[in-house]
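A.B. asks: Spelled out, the chains give:
There are 2 protein chains.
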Amino acid sequence: MCDTISGGVCAAEGFRAAGLHVGVKTHATWKKDVALIVSDVPCRAAALFTKNVVKAAPIRVTMGHLAGGQVRGIIANSGNANACAPQGVENAEKMCAAAAKEIGCAPEEVLVASTGVIGQTLNVKVIEEGMPELYGLLEHSDAASDAAAHAIMTTDTVKKEAAAEAVISGRTVHIGGIAKGSGMIHPNMGTMLCFLTTDCAISQELLREALTEAARTTFNRISVDGDTSTNDTCCILANGLAGNPEITEKNDAYIDFVLKLHEVCWHLARAMAKDGEGAKHLITCTVRGAKSEEQAEHISKSVISSTLTKAAIFGCDANWGRVLCAMGYSGEEFNPEEVNVTFASDAGEILVCENGKGLAFDEELARKILSEDEVDIDITMKEGDEMCTCWGCDITYDYIKINGDYRT
Amino acid sequence: MCDTISGGVCAAEGFRAAGLHVGVKTHATWKKDVALIVSDVPCRAAALFTKNVVKAAPIRVTMGHLAGGQVRGIIANSGNANACAPQGVENAEKMCAAAAKEIGCAPEEVLVASTGVIGQTLNVKVIEEGMPELYGLLEHSDAASDAAAHAIMTTDTVKKEAAAEAVISGRTVHIGGIAKGSGMIHPNMGTMLCFLTTDCAISQELLREALTEAARTTFNRISVDGDTSTNDTCCILANGLAGNPEITEKNDAYIDFVLKLHEVCWHLARAMAKDGEGAKHLITCTVRGAKSEEQAEHISKSVISSTLTKAAIFGCDANWGRVLCAMGYSGEEFNPEEVNVTFASDAGEILVCENGKGLAFDEELARKILSEDEVDIDITMKEGDEMCTCWGCDITYDYIKINGDYRT
Numbered sequence: 000m001c002d003t004i005s006g007g008v009c010a011a012e013g014f015r016a017a018g019l020h021v022g023v024k025t026h027a028t029w030k031k032d033v034a035l036i037v038s039d040v041p042c043r044a045a046a047l048f049t050k051n052v053v054k055a056a057p058i059r060v061t062m063g064h065l066a067g068g069q070v071r072g073i074i075a076n077s078g079n080a081n082a083c084a085p086q087g088v089e090n091a092e093k094m095c096a097a098a099a100k101e102i103g104c105a106p107e108e109v110l111v112a113s114t115g116v117i118g119q120t121l122n123v124k125v126i127e128e129g130m131p132e133l134y135g136l137l138e139h140s141d142a143a144s145d146a147a148a149h150a151i152m153t154t155d156t157v158k159k160e161a162a163a164e165a166v167i168s169g170r171t172v173h174i175g176g177i178a179k180g181s182g183m184i185h186p187n188m189g190t191m192l193c194f195l196t197t198d199c200a201i202s203q204e205l206l207r208e209a210l211t212e213a214a215r216t217t218f219n220r221i222s223v224d225g226d227t228s229t230n231d232t233c234c235i236l237a238n239g240l241a242g243n244p245e246i247t248e249k250n251d252a253y254i255d256f257v258l259k260l261h262e263v264c265w266h267l268a269r270a271m272a273k274d275g276e277g278a279k280h281l282i283t284c285t286v287r288g289a290k291s292e293e294q295a296e297h298i299s300k301s302v303i304s305s306t307l308t309k310a311a312i313f314g315c316d317a318n319w320g321r322v323l324c325a326m327g328y329s330g331e332e333f334n335p336e337e338v339n340v341t342f343a344s345d346a347g348e349i350l351v352c353e354n355g356k357g358l359a360f361d362e363e364l365a366r367k368i369l370s371e372d373e374v375d376i377d378i379t380m381k382e383g384d385e386m387c388t389c390w391g392c393d394i395t396y397d398y399i400k401i402n403g404d405y406r407t
Numbered sequence: 000m001c002d003t004i005s006g007g008v009c010a011a012e013g014f015r016a017a018g019l020h021v022g023v024k025t026h027a028t029w030k031k032d033v034a035l036i037v038s039d040v041p042c043r044a045a046a047l048f049t050k051n052v053v054k055a056a057p058i059r060v061t062m063g064h065l066a067g068g069q070v071r072g073i074i075a076n077s078g079n080a081n082a083c084a085p086q087g088v089e090n091a092e093k094m095c096a097a098a099a100k101e102i103g104c105a106p107e108e109v110l111v112a113s114t115g116v117i118g119q120t121l122n123v124k125v126i127e128e129g130m131p132e133l134y135g136l137l138e139h140s141d142a143a144s145d146a147a148a149h150a151i152m153t154t155d156t157v158k159k160e161a162a163a164e165a166v167i168s169g170r171t172v173h174i175g176g177i178a179k180g181s182g183m184i185h186p187n188m189g190t191m192l193c194f195l196t197t198d199c200a201i202s203q204e205l206l207r208e209a210l211t212e213a214a215r216t217t218f219n220r221i222s223v224d225g226d227t228s229t230n231d232t233c234c235i236l237a238n239g240l241a242g243n244p245e246i247t248e249k250n251d252a253y254i255d256f257v258l259k260l261h262e263v264c265w266h267l268a269r270a271m272a273k274d275g276e277g278a279k280h281l282i283t284c285t286v287r288g289a290k291s292e293e294q295a296e297h298i299s300k301s302v303i304s305s306t307l308t309k310a311a312i313f314g315c316d317a318n319w320g321r322v323l324c325a326m327g328y329s330g331e332e333f334n335p336e337e338v339n340v341t342f343a344s345d346a347g348e349i350l351v352c353e354n355g356k357g358l359a360f361d362e363e364l365a366r367k368i369l370s371e372d373e374v375d376i377d378i379t380m381k382e383g384d385e386m387c388t389c390w391g392c393d394i395t396y397d398y399i400k401i402n403g404d405y406r407t
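Sequence order for the protein chains is A and B.
Numbering follows numbering that gives the first Met the number 0, in which position 288 of the first sequence is assigned residue number 287; successive positions increment by one, without gaps.
Numbering follows numbering that gives the first Met the number 0, in which position 64 of the second sequence is assigned residue number 63; successive positions increment by one, without gaps.
These aren't lab readings, by the way, just hints derived from the structure by calculation.
There may be inaccurate statements among the hints.
Any copy, or any two copies together, can satisfy a pair, since identical chains are not distinguished.
Each computed DSSO-like pair below joins lysine-lysine, with the alpha-carbon atoms no more than 30 Å apart [unchecked claim]:
1. 50 to 356
2. 290 to 367
3. 124 to 93
4. 50 to 290
5. 93 to 356
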């Protein structure tokens, strides 16, 4: 879909990052657990948060800090969600204060995020003690973004990084980011954790609007297990160092920026769905011929969230009846007798249901198609001209294994 | 909760049942696949169906037949859902006609239901050919109810039967039924298949109201996997042979009838949740202190439907953070800082979260409590005085195994 560049969260001018193991994760000392992202100059910032009523302490702290309008950095940890935990807000504030002391800014200029186990007191002391070393590791490099991307991973099996560049008003603008996903992924806004940076000069209001639009069609269209986390945070820092004239209206420059931001978010969202806990398949479900984008989205999301459909894809079983069933309980009205379903992948494509009825199809070919890592479920209705794509993954023995004993 | 009697769907006077293998299930010739339930005299009938937009053919046929107001029997098969299948309505009508011919009634006096694979043509010929033998097996006995209960099973590991009696206006009234559940269970009305019979004399209108009320607080409060089936059917036949004065208003007799019907449905619903595909634990989640029954129901259902909570219970892991998280995305507003969570079972009980914060608790005891077959999650809020209980089950390796290759 797009040509990306390297650099991740450090792709944009003036951003440095670092990742380090300080001891929040007690079992695995080789796993980084704290990430720091710092801009050389003050940034505009925007963020989206979980719509879960139970919001983790760092989200509440970050919401307050965003109100200040000026941000220098982000401090984040994995291994503990600091949600429903004693001294939650106090400990999140301490993380900001420790980072601010090194950066040389006010604690209110630092955003904070956490991911990991819910309900256990965060060992903030090890984060405070490790902060000077973490700060000392800051670099504007591919390796630094890589370290930060690793430091926010929990059960993720691969790091998630993406970056892209665009020429806006004659200047090269960079947008990049890191993210983590894996379990408890059914974002109702962004996703578990996603930190984006850009050197684009853009107004606070349009930065927020661009982020909302990009997340709506990427992070809000993935699901791993239907569980919307208490800690979902997606934020973007813009430091203006690209030197482009500040974007203050919805002109071509704004559109170029949104498109590029969308590209980066698309990469990260897909990577999150593909690396869902225990997942063996990325499932891309596209619904066409809907009467509205919203209808297409509800139906597509219902399909990728269906436990039975996910189990069928795990078994490479072309059980399209489950796809129709999930469409049917999406809450949307449509004529089931005008639905076509096709399974597709790099191994080919096969129409399995036409006008709501099963076709005799080549089971061998179907199994071959569904054995690929990335599988498409293409649905066509005859309700209208709108479409939507959502991303999910299969459910596997490993998902059960990972989540049957997560805390210990 | 209640003292039940034997007899299942044959507990009520004048009802006979039978189950037989005729060949719809091609792989397992020792498994019964057709059930017939017949009343000696015409019945009033009421039924609830799936709210899935994709409705199986037998549901559409049954809806039409119910309009006639008089029913003699029910014909049902397992092994094929006759949903999204060629000649669906035609084949469902053929099942009714074949049964009606034996019973000696009009085809419109027979209800029909199917469960099994979606999208494959029903082999109605074997059902038609087997009908005389099936009819010949009809009996008013425990064994006959048992045979019918087995004949509607798909991946169920145990049959589901229940019956109860009540003295209404001086006459002994019986209510009994059989059901099947297992997978694709997240009823938005009743459940996969449930056939209830009673000898109570009751008006058509109140029979329907009683069934709706009983299902609302039983079948509509269970979930196995969040997938609402295309075939959910719950129906009741009332033949009036108990000889009680017909119930035509909401007097004490009506209340006695509803309570008894609720008792039978409660048993069947719990049995369905407990025998969810691959399940090792029945999970009973009770929410107290809600501002409305609806709020309590939404929160409780969100908890029992949470894949992550289900995986934690499978692992006997007292990960209450997932319970709070699921409460938080239920769509209901509440104060998370006034929530208490207790895990309980026959092995004891343990408070793990108080006022929204984790407590230090005895992990050994918690594991012992969660190792029991039946586990309670008791949630207390401070929003009001209402409560609700919902039932679910854990998600296991076997669920994935069963559903990864269901069709073959």
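A.B. asks: Each hint should be assessed against the structure and marked as holding or not.
C.D. replies: These are the hints, each one checked on the structure:
| no. | hint | verdict |
| --- | --- | --- |
| 1 | 50 to 356 | between (38 Å within a copy, 20 Å between copies) |
| 2 | 290 to 367 | neither (33 Å within a copy, 52 Å between copies) |
| 3 | 124 to 93 | within (9 Å within a copy, 74 Å between copies) |
| 4 | 50 to 290 | both (27 Å within a copy, 21 Å between copies) |
| 5 | 93 to 356 | between (60 Å within a copy, 19 Å between copies) |
Violated hint for the displayed structure: number 2, the only one.
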